[in-house]
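For reference, the chains in residue letters:
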Amino acid sequence: MSRETALNAVMVMGLFLVPLWALWADEPFIITLTTKAAILALAGVGLNIALGLGGLVSLGHAAFFGLGGYAMGILASHAQSYAPIMETPFLIEGTKSMPVIWVIAIITSGLAALAIGALSLRTTGVYFIMITLAFGQMLYFFSISWPAYGGEDGLSIYVRNGFPGLNTLDPIQFYAIVFVILMAVLVFAGRLAKSPFGLALNAARQSPERVETVGITSYKLRLIAFTISGMITGLAGALFADLNRFVSPTMFSWQTSGEIMVFIIIGGVGRLFGPVVGAVLFILLEHLLGGLSDYWHVYLGVLLLLIVLFARGGLIGTLAGKEISHD
Amino acid sequence: MSLLSVQNISAFYGPSQALFDVSLSLNEGEVLALMGRNGMGKSTTVKSICRMLNAGAGTITFNGRNLRKLPSHKAAHLGIGLVPEGRRCFTNLTVEENLLAAARSGAWDLTAVGALFPRLSERLHQSAGSLSGGEQQMLAIGRALMTNPRLLVLDEATEGLAPMVRQEIWGAITTLTRDTGLALLVVDKSLKELRQVADHAVILERGASVWSGTMDTLSEAVTQKYLGV
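Which chain is which? The protein sequence lines are A and B, in order.
Numbered by our numbering, the letters in the first sequence go through residues 1 to 327 in order.
Numbered by our numbering, the letters in the second sequence go through residues 1001 to 1229 in order.
Take these hints with a grain of salt, some might be off.
[To be verified] With a straight-line cut-off of 27 Å between C-alpha atoms, the simulated DSS-like cross-links for lysine-lysine are:
1. K1192/B with K1225/B
2. K1192/B with K220/A
3. K220/A with K194/A
4. K220/A with K1069/B
5. K1189/B with K1225/B
6. K194/A with K1074/B
Hints were generated in silico from the structure; no laboratory data involved.
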């Protein structure tokens, strides 16, 4: 077992045991914090497929996070007001069913990622960063100017959506859903990285011209990766909205894209559990330092600076060694 | 009909013309040596054939299909496997991952490549970046074979390698020509080895094909004149 695999196992055990301890100690706030960390980790796992595997520095992933969130918000708000989303040409009603909302969030963010990726991936480098940022900001300003769904104030959902057989208002049961989804997506991301598709994507990151000579279209590879990445981030957005029972334009903002990217870099870009480690640390710092000062982001900035300067592989890279493990 | 037919192609790097009316042809199962001194246009010809560089004029057909409008990945799909100059393995992947990233279904798989280059089999889980130059060259050949090509293009496959390793690479090339029906376009400066494996040769001088014929007819006077050996 490699050191990275051992670290990953420790993270899984931590994510499994900490909420159980919090339940035993009657600390529901800790369970909610862990749930938030797990959801952000899920968004990070999504972005890490584009960033770590495909080398695509997207500053617009908040677009998919927000779309997932608003998919939940719009469907749930219509269900709670008993007003259909549309009546003509055919009737579309809201829903309070989590699985249905997830599917719609994944499809919506996937289609958006496909469209945004198809245009953005025609560029590279700083132009790609700027175009993805522009798309994210377009959706941000659109959500602000959309009064039907709260505009700048956002949209509150009074009761958390339902999951068959579970009481989702119970923090530990909602956490169980998030934990299972995160583990399933991590298994998927791990297999994707080892699949011929993932290997070719990794190779295209190193040299797009070289992979073309072995018959691989790097544009197509990257577009698929970007779309998958957007779908996972969209699912995280739907869960995040359900956790808070609130959606707002902030979910679309470039700061959200930046935060996801920052904790991936802190955890380890391209490392399977990099986003998990980064998200947990991010939430810990927000909770611990946020209590001391409103300017806790300064400390986060210092940490990011130290990692970028002295630990390029992020925390996992520093602890597990330079070699990227695929197990 | 030739498997590969290059007729009077020209090529440019910006405003500079690098190829002038280069022609060559290669049949299924044959080995063609493309020779010339440094800077005479051998690699540019290879890049034009593999569609990494747009040919200015002339025609390039592979298996009857015009390659001129195709991107390089489509040329590779038609069956042209390139072993590029300078090896250029994907150094952040392992040996096995390098091979699998390029794999397409056919006779060449991990086992077949491992039989051709046993050293690669021993280092399947080693990072490609940590291999020796010779091993990286074997990997580059293996990676091109994993695409199951009909034509393998070897651009300076033995350049800069130790004599022992060069011998090993030439041994593998000989095995390929002897045991498979693979057509080979070999760009190299090792005349002695090329004489042993190639059926035909084309010599380039200042971007133009100045001599072509069978290896038997390649006289010392010609090699002295164009290759300086």
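Comparing the hints with the structure gives:
1. Annotation: proposed proximity of K1192/B to K1225/B holds, straight-line Cα distance about 16 Å (limit 27 Å).
2. For the hint pairing K1192/B with K220/A, the CA-to-CA distance comes to about 44 Å; that exceeds 27 Å, so the pair is violated.
3. The straight-line distance between the Cα atoms of K220/A and K194/A is roughly 18 Å, inside the 27 Å bound, and the hint therefore holds.
4. The straight-line distance between the Cα atoms of K220/A and K1069/B is roughly 19 Å, inside the 27 Å bound, and the hint therefore holds.
5. Proximity of K1189/B to K1225/B is assessed by CA-CA distance (about 14 Å); at most 27 Å being required, the pair is judged to hold.
6. For the suggested pair K194/A and K1074/B, the alpha carbons sit about 25 Å apart, so the restraint of at most 27 Å is met.
Of the hints listed earlier, the one the structure fails to meet is number 2.
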